[in-house]
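Okay, here's what each chain looks like letter by letter:
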Amino acid sequence: GQNIDQPTEMTATEGAIVQINCTYQTSGFNGLFWYQQHAGEAPTFLSYNVLDGLEEKGRFSSFLSRSKGYSYLLLKELQMKDSASYLCAITNNDYKLSFGAGTTVTVRA
Amino acid sequence: IAGITQAPTSQILAAGRRMTLRCTQDMRHNAMYWYRQDLGLGLRLIHYSNTAGTTGKGEVPDGYSVSRANTDDFPLTLASAVPSQTSVYFCASSAGTAHTDTQYFGPGTRLTVL
Numbered sequence: 006g007q008n009i010d011q012p013t014e015m016t017a018t019e020g021a022i023v024q025i026n027c028t029y030q031t032s033g034f035n036g037l038f039w040y041q042q043h044a045g046e047a048p049t050f051l052s053y054n055v056l057d058g059l060e061e062k063g064r065f066s067s068f069l070s071r072s073k074g075y076s077y078l079l080l081k082e083l084q085m086k087d088s089a090s091y092l093c094a095i096t097n098n099d100y101k102l103s104f105g106a107g108t109t110v111t112v113r114a
Numbered sequence: 255i256a257g258i259t260q261a262p263t264s265q266i267l268a269a270g271r272r273m274t275l276r277c278t279q280d281m282r283h284n285a286m287y288w289y290r291q292d293l294g295l296g297l298r299l300i301h302y303s304n305t306a307g308t309t310g311k312g313e314v315p316d317g318y319s320v321s322r323a324n325t326d327d328f329p330l331t332l333a334s335a336v337p338s339q340t341s342v343y344f345c346a347s348s349a350g351t352a353h354t355d356t357q358y359f360g361p362g363t364r365l366t367v368l
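Protein chains in written order, with our numbering: chain P, 6 to 114; chain B, 255 to 368.
Just so you know, the hints here were simulated from the structure itself, not pulled from any lab data. Backbone N, C-alpha and C define an ideal beta-carbon position, used for all residues, glycine too. Take these hints with a grain of salt, some might be off.
Straight-line distance between alpha carbons at most 25 angstroms, and here's what the computed DMTMM-like set of lysine to aspartate or glutamate pairs gives [claimed, not checked]:
id : chain 1 : residue 1 : chain 2 : residue 2
1  : P       : Lys81     : P       : Asp57
2  : P       : Lys101    : B       : Asp292
3  : P       : Lys86     : B       : Glu313
4  : P       : Lys86     : P       : Glu46
5  : P       : Lys101    : P       : Glu46
6  : P       : Lys86     : B       : Asp316
7  : P       : Lys101    : B       : Asp316
8  : B       : Lys311    : P       : Asp87
9  : P       : Lys62     : P       : Glu82
10 : P       : Lys81     : P       : Asp99
11 : P       : Lys62     : P       : Glu19
12 : P       : Lys62     : B       : Asp355
13 : P       : Lys62     : P       : Asp10
14 : P       : Lys86     : P       : Glu61
15 : P       : Lys73     : P       : Glu19
16 : B       : Lys311    : P       : Glu14
17 : P       : Lys86     : P       : Glu14
18 : P       : Lys101    : P       : Glu82
19 : B       : Lys311    : B       : Asp280
20 : P       : Lys81     : P       : Asp10
21 : P       : Lys86     : P       : Glu60
22 : P       : Lys62     : P       : Glu14
23 : P       : Lys73     : B       : Asp292
24 : P       : Lys73     : P       : Asp99
25 : P       : Lys101    : P       : Asp10
26 : P       : Lys101    : P       : Glu19
27 : P       : Lys73     : P       : Glu61
28 : B       : Lys311    : B       : Asp355
29 : P       : Lys101    : B       : Asp355
30 : P       : Lys101    : B       : Asp327
31 : B       : Lys311    : B       : Asp327
32 : B       : Lys311    : B       : Asp326
33 : P       : Lys101    : B       : Asp280
34 : P       : Lys73     : B       : Asp316
35 : P       : Lys81     : P       : Glu61
So these bits of chain B aren't anywhere near chain P, every CB distance computed over 12 angstroms [stated by the list, open to error]:
id : residue
36 : Arg271
37 : Met273
38 : Asp280
39 : Gln291
40 : Tyr318
Starting from the given sequences, assemble the full structure and let the hints guide the process.
Right, here's the structure in full:
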């Protein structure tokens with residue numbers, strides 16, 4: 006099995022930066038996904054990392070360290086619409102996704 | 255339509271009743287999945303199908319069954335609903351089963367079992 010840990014809640018101010026950490030333990034690893042989920046809506050894909058390092062997509066960046074079992078999602082220039090849950094998920098040797106419980110980010114004016 | 259549709263949007267069901275949640279995708283994706291999402295637990299995989307005609311069990315399959323008669327449809331059936339099956343159910347699909355394949359989610363079905 007796998008354990009995936011991420012903080013339950015985070016609050017930040019509009020225009021600021023927030024970093025959401027995700028740590029995992031798994032017997033096999035084939036990549037890490039970040040999804041965004043607004044309240045009452047479906048999760049939507051944000052990023053995928055399989056190699057160590059930083060992947061940047063506009064205001065959002067995702068980092069992975071396979072040796073440390075660690076990833077983070079960095080949200081820059083926060084906007085009110087970024088208020089959502091952010092889900093960390095890993096794929097292991099059977100290529101199925103296992104999700105963390107999610108981090109609810111609240112952006113305040 | 256484009257993407258994944260689910261029906262119904264929400265349902266209140268008496269315990270012991272049979273219920274089928276419908277899922278249809280028009281992306282010609284080979285793989286499809288059913289998850290339930292509960293507060294504090296995240297998304298948990300119930301059943302999956304790597305391709306039409308095949309299905310497999312996920313993390314929490316008990317009390318649920320699925321079928322995959324064709325590429326587009328992947329219904330989830332609760333044979334005899336129990337209150338612990340109260341949850342939000344999401345259907346998802348991916349082009350294939352490679353570790354790089356992104357899963358795309360439907361809008362969800364909110365099910366309450368009384």
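These are the hints, each one checked on the structure:
no., hint, result
1, Lys81(P) - Asp57(P), "21 angstroms, holds"
2, Lys101(P) - Asp292(B), "19 angstroms, holds"
3, Lys86(P) - Glu313(B), "32 angstroms, violated"
4, Lys86(P) - Glu46(P), "13 angstroms, holds"
5, Lys101(P) - Glu46(P), "22 angstroms, holds"
6, Lys86(P) - Asp316(B), "37 angstroms, violated"
7, Lys101(P) - Asp316(B), "18 angstroms, holds"
8, Lys311(B) - Asp87(P), "34 angstroms, violated"
9, Lys62(P) - Glu82(P), "13 angstroms, holds"
10, Lys81(P) - Asp99(P), "34 angstroms, violated"
11, Lys62(P) - Glu19(P), "19 angstroms, holds"
12, Lys62(P) - Asp355(B), "18 angstroms, holds"
13, Lys62(P) - Asp10(P), "23 angstroms, holds"
14, Lys86(P) - Glu61(P), "19 angstroms, holds"
15, Lys73(P) - Glu19(P), "31 angstroms, violated"
16, Lys311(B) - Glu14(P), "31 angstroms, violated"
17, Lys86(P) - Glu14(P), "16 angstroms, holds"
18, Lys101(P) - Glu82(P), "33 angstroms, violated"
19, Lys311(B) - Asp280(B), "24 angstroms, holds"
20, Lys81(P) - Asp10(P), "22 angstroms, holds"
21, Lys86(P) - Glu60(P), "22 angstroms, holds"
22, Lys62(P) - Glu14(P), "23 angstroms, holds"
23, Lys73(P) - Asp292(B), "28 angstroms, violated"
24, Lys73(P) - Asp99(P), "21 angstroms, holds"
25, Lys101(P) - Asp10(P), "18 angstroms, holds"
26, Lys101(P) - Glu19(P), "35 angstroms, violated"
27, Lys73(P) - Glu61(P), "20 angstroms, holds"
28, Lys311(B) - Asp355(B), "19 angstroms, holds"
29, Lys101(P) - Asp355(B), "10 angstroms, holds"
30, Lys101(P) - Asp327(B), "20 angstroms, holds"
31, Lys311(B) - Asp327(B), "17 angstroms, holds"
32, Lys311(B) - Asp326(B), "19 angstroms, holds"
33, Lys101(P) - Asp280(B), "22 angstroms, holds"
34, Lys73(P) - Asp316(B), "34 angstroms, violated"
35, Lys81(P) - Glu61(P), "11 angstroms, holds"
36, Arg271, "25 angstroms, holds"
37, Met273, "20 angstroms, holds"
38, Asp280, "16 angstroms, holds"
39, Gln291, "9 angstroms, violated"
40, Tyr318, "16 angstroms, holds"
In summary, the numbered hints that this structure violates are 3, 6, 8, 10, 15, 16, 18, 23, 26, 34, 39.
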